[in-house]
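Undergrad: Each chain, written out:
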Amino acid sequence: MAFSPRAEALLHEAKRISRRLGSKLVLIHAGEKNGSLEKRMKLMLSRVEIEQDQVEIIWEEGKPLDVLSEVCYRENIDLLVMGAIQNEDMLRYYIGSIARRISRRPPCSLLLVTDPQKKSSKLNSVVVNGIDHPKTENTILKTLDFSQAFEVNEVIIVEEVKSSKLKTRIDDNETLEKAFEEREIMRKAENERMADFIRPLQEKVSSNIIMKCIFGKEGYSIGHFAEVKNADLLVMNSPDKKLGFLDRFFPHDLEYVLSDMPCDLMIVHPD
Amino acid sequence: MSKVKKDRNKPEKSTIKDVLSGFVVSLIALPLALGLATASGVPPMAGIIAVVIGGILVSIFGGSYVTIAGPGNGLVVVVLSAVVALGGGDAYAGYLFTLAAIVVAGAIIATLGFLRLGNLSDFFPSATIQGMLSAIGLIIIAKQIHVMLGESGVEAANNLMLLVETPQSLFNLIQSPTIPWVGIIGLMSLGIMAFYSKIRGRFFQAIPAPMWIVLIAVGFYYYFEFFSKDSFPITAQYLIQIPENIKDSIVFPDFSKLGDGAFWVAVVSITLIASIESLLSIKAVDKLDVYKRRSNANKDLKALGISTIISGLIGGLPVVAVIARSSVNVNQGATSQKANFSQAIFVIIYVVLFSHLLNVIPLSALAGILVYTGYKLASPAQFKRMYRLGKDQFVIFLVTLVSTLIFGLINGIIIGILATFLIQLYLMEKRSDFLRKPMRPNTLMYQEGDGKLHLSVKGHSSFINYLTLKKHLDSIPPNKHLILDFSLTTFVDNSVMEHIHHYSEDFKKKGSTLEVIGLDIHDPTSSHPFAARRIMRLTSFMKKGGILTNRQQKLKEFSREIGWQFKTNSIFEVPELEDFPMFNAKVIDHAYNIFSGTHRGVELKMMDVEFYEGEFIARETHKHTLFLITPNETIPRFRLDKERIFDRIAGLAGFQDINIEGHEDFSRRFLLKGKDQEGIKQFFTDELVLFFESHPYYHLESNGESILILKGQRTATISEIKALASFGKELIDQLSLVEK
Chain A
27 MAFSPRAEAL
37 LHEAKRISRR
47 LGSKLVLIHA
57 GEKNGSLEKR
67 MKLMLSRVEI
77 EQDQVEIIWE
87 EGKPLDVLSE
97 VCYRENIDLL
107 VMGAIQNEDM
117 LRYYIGSIAR
127 RISRRPPCSL
137 LLVTDPQKKS
147 SKLNSVVVNG
157 IDHPKTENTI
167 LKTLDFSQAF
177 EVNEVIIVEE
187 VKSSKLKTRI
197 DDNETLEKAF
207 EEREIMRKAE
217 NERMADFIRP
227 LQEKVSSNII
237 MKCIFGKEGY
247 SIGHFAEVKN
257 ADLLVMNSPD
267 KKLGFLDRFF
277 PHDLEYVLSD
287 MPCDLMIVHP
297 D
Chain B
440 MSKVKKDRNK
450 PEKSTIKDVL
460 SGFVVSLIAL
470 PLALGLATAS
480 GVPPMAGIIA
490 VVIGGILVSI
500 FGGSYVTIAG
510 PGNGLVVVVL
520 SAVVALGGGD
530 AYAGYLFTLA
540 AIVVAGAIIA
550 TLGFLRLGNL
560 SDFFPSATIQ
570 GMLSAIGLII
580 IAKQIHVMLG
590 ESGVEAANNL
600 MLLVETPQSL
610 FNLIQSPTIP
620 WVGIIGLMSL
630 GIMAFYSKIR
640 GRFFQAIPAP
650 MWIVLIAVGF
660 YYYFEFFSKD
670 SFPITAQYLI
680 QIPENIKDSI
690 VFPDFSKLGD
700 GAFWVAVVSI
710 TLIASIESLL
720 SIKAVDKLDV
730 YKRRSNANKD
740 LKALGISTII
750 SGLIGGLPVV
760 AVIARSSVNV
770 NQGATSQKAN
780 FSQAIFVIIY
790 VVLFSHLLNV
800 IPLSALAGIL
810 VYTGYKLASP
820 AQFKRMYRLG
830 KDQFVIFLVT
840 LVSTLIFGLI
850 NGIIIGILAT
860 FLIQLYLMEK
870 RSDFLRKPMR
880 PNTLMYQEGD
890 GKLHLSVKGH
900 SSFINYLTLK
910 KHLDSIPPNK
920 HLILDFSLTT
930 FVDNSVMEHI
940 HHYSEDFKKK
950 GSTLEVIGLD
960 IHDPTSSHPF
970 AARRIMRLTS
980 FMKKGGILTN
990 RQQKLKEFSR
1000 EIGWQFKTNS
1010 IFEVPELEDF
1020 PMFNAKVIDH
1030 AYNIFSGTHR
1040 GVELKMMDVE
1050 FYEGEFIARE
1060 THKHTLFLIT
1070 PNETIPRFRL
1080 DKERIFDRIA
1090 GLAGFQDINI
1100 EGHEDFSRRF
1110 LLKGKDQEGI
1120 KQFFTDELVL
1130 FFESHPYYHL
1140 ESNGESILIL
1150 KGQRTATISE
1160 IKALASFGKE
1170 LIDQLSLVEK
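Residue numbers (our numbering), protein chains in the order written: chain A, 27 to 297; chain B, 440 to 1179.
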């Protein structure tokens, strides 16, 4: 929780999310607790119409990044909501904003809101990654819970397959057809794998679940897809290891999405 | 599913056709090889070696179908400068050092093939390639025009100055005290090359222009030998010199300059130009291939590289895939690499049997051929085309051209690419975004629910990241619908637009559809200047016709007389023409001067159509006047033409000439072809046969719905159009009488 111009809208979003998910709202401010800030906080809470007893406010001094991580661990926070700029300029990108930095090593699940709104708007479509990875099942389960709570119309599970997995090189007409067949086989296998997982869940959710297999660069394609589909929320696994400075120069996976956020982004951390 | 498709695409291979086209190609390859070699500053046999090695090895190991391999135009300049630079005054030593560079370059080219870098040529922005090719054309002209005019040893500080001295050589020619036979033969050679396509006559057209030049040169010699009292007026220094014993022309490279910087400059230049020329040619020939086969460019590169190594090892020029000869090959009906093989065999036969005849060919005759090829690379039409593409493209083109002329090929193309980059940066929106991620992925392809493929491009799409887009486009199998979505882009450069244009043609040919969307937002009022320019270009094209030419005014009068509509505007899509066999290997650019009307309820359309075949080096543009009749009934697919000797031979393969019983005269005079023999025999009733017999010859084609009528290889004159119109009307009368 900072006192940025967008803080109030962000607070609206956080309030809505906690209501929908039926969870407690905790505001974390990394910085000194003093009278004037407390006053501003109260004013803001009243404008957003949050009662004092509905919310826990934690004031803690220190580097914002450390404070956030520490509090999230300590308080067992489920979801950290932050504002984020869609496209950061070059300098900012390489040095890194707090939102970006924390998402490279998230202490818990994280929601980056690119365009916080005071009024609630309906979530139409959610894109979630379906790559072959141990974290994926949990991520999809969380996404479905979330979609259920927000009455999302459609959930698109995107199974990204690295193009390098395709063995056939296209040289002429024959290899072209062979490559296409190979892709079809792989697409079917991917969809099969996902369908096996989804089938038992299907009845519990009202959202329309769509599966999509995309061949391309992992992490990049899903972001681009979310942009093409005009998705409202993109959900991804948390990174396996801390993403370092070099990853910004040689981006992969999550880094692609972070460098150019197509929409709100949720990074799901395993419990 | 794939099995069926493979069979459908399988072309009928015909060895006879291949050998015949190989024969015609060899008639061009021989003079060209001699000319290219002498222009490169190496012995004429070096060109012959490249033809033979290329023809034999590439036809066995290559990955293409109807491509011809041999010595290339583009390499003249590179090899010549290598010979001069490495020889340091001694041309023969320079030749041996250059052979070593050719061997090393061949090894690199083969390696490129093994590393699957066959799409390398697509990286270069098209305006820079065009600029480089035009520069090569100008350099060839600069060097050869003096030889053509019979002046030897003209020297100048650089190529531009060499060009400037042309009037001096011309003046010397006119002032010559004796009859300047060398110059006269040179000019005649240029004349034949330039006007060959305009001269009619089956006999004349049966032999390619370069062979005419050789025949005339040899005939000239024999005139003095047998009929004239004077002795042959041209001294040996102006003639080709081929060693009496062919074994003497096999020499081995000298590798002692491996440590020299100039040696490696030569290696890099040869590699660069040879691979670009080859890859461009392979791509262009694939467009011409009637069976729409796709060459394996990597396999071809390997074969070309290995051929170049071997050619260099025994004294030959680098071997590249060449477009002009390949295009002739396709037109002659070649189906496989046997044609390439046989052209090499024919060339061996000529050299073995007639080497003493070749020795009487004046160098100026060959120079004439080369000046013409140079002119084609740097013709005013080329400049005009580049200018029409927009000022940015024209600037890049000129920068590349001038810097190639001044600083050489490698530096020229590097400067061209830098210029392209800077100009795009200047034109671009969201520059920092681009600089941050110039090489990042920017494409996404997925299958939509209805089976259509969706390919979305994001950010900037230019020559820098075109290869990733190309990879997707290349992976689309036949009979698919692809939606190419540019709506997330901020910038699309000219190279990409040009490639997309070619892809949409390719897609059409293999039964797929390419639908481009999302470019409407890049309109002229928006902040995307490139798109703006492109659209302006199209609109200015459309507006053309505000002032009518003399011909157009007369056409307009004529249209009023017979009550047809007449429009001068260009249209760029002429779907009704694409299905005709004659447009099989050709791309329709636009149609204009369109008449439309009806006669007895049958729709008529007459138009001038501009279409082309081949790309870059051998882009042949044609303009024809076509007459299109669309009867209300369906008609069999057929083709009616004058019968020719060559066709009688070719008729052994493919569709047979259909003979209509009881009309021997008609069958002898006309060549009627088509799949549905019975349907055609029914269609050609006695009355219709009589009609064709009693009227002037026209070429007729039917695609099942419409009949296409044309005459001649150019746009028709007013009187020809009038004749064509009345022929068409009478044909309709005839057809509707038959119906009743």
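Keep in mind that a hint or two might mislead.
Some chain B residues judged to face chain A by a derived CB distance under 7 Å, without partners named [unchecked claim]:
hint, residue
1, GLU683
2, ARG733
3, SER914
Derived by calculation from the structure, the hints in this document are not laboratory data.
Glycine included, C-beta positions come from ideal geometry on N, C-alpha and C.
Undergrad: Measuring from the C-beta of ARG733(B) to each C-beta in chain A, is the shortest one below 7 Å?
TA: holds, 5 Å
Undergrad: Would the stated hint for GLU683(B) survive a check requiring a Cβ distance to chain A of less than 7 Å?
TA: violated, 45 Å
Undergrad: Next item in the hint list is SER914(B). Is there a CB on chain A closer than 7 Å to its CB?
TA: holds, 6 Å
This entry does not satisfy hint 1, going by the numbered hints stated previously; all others are met.
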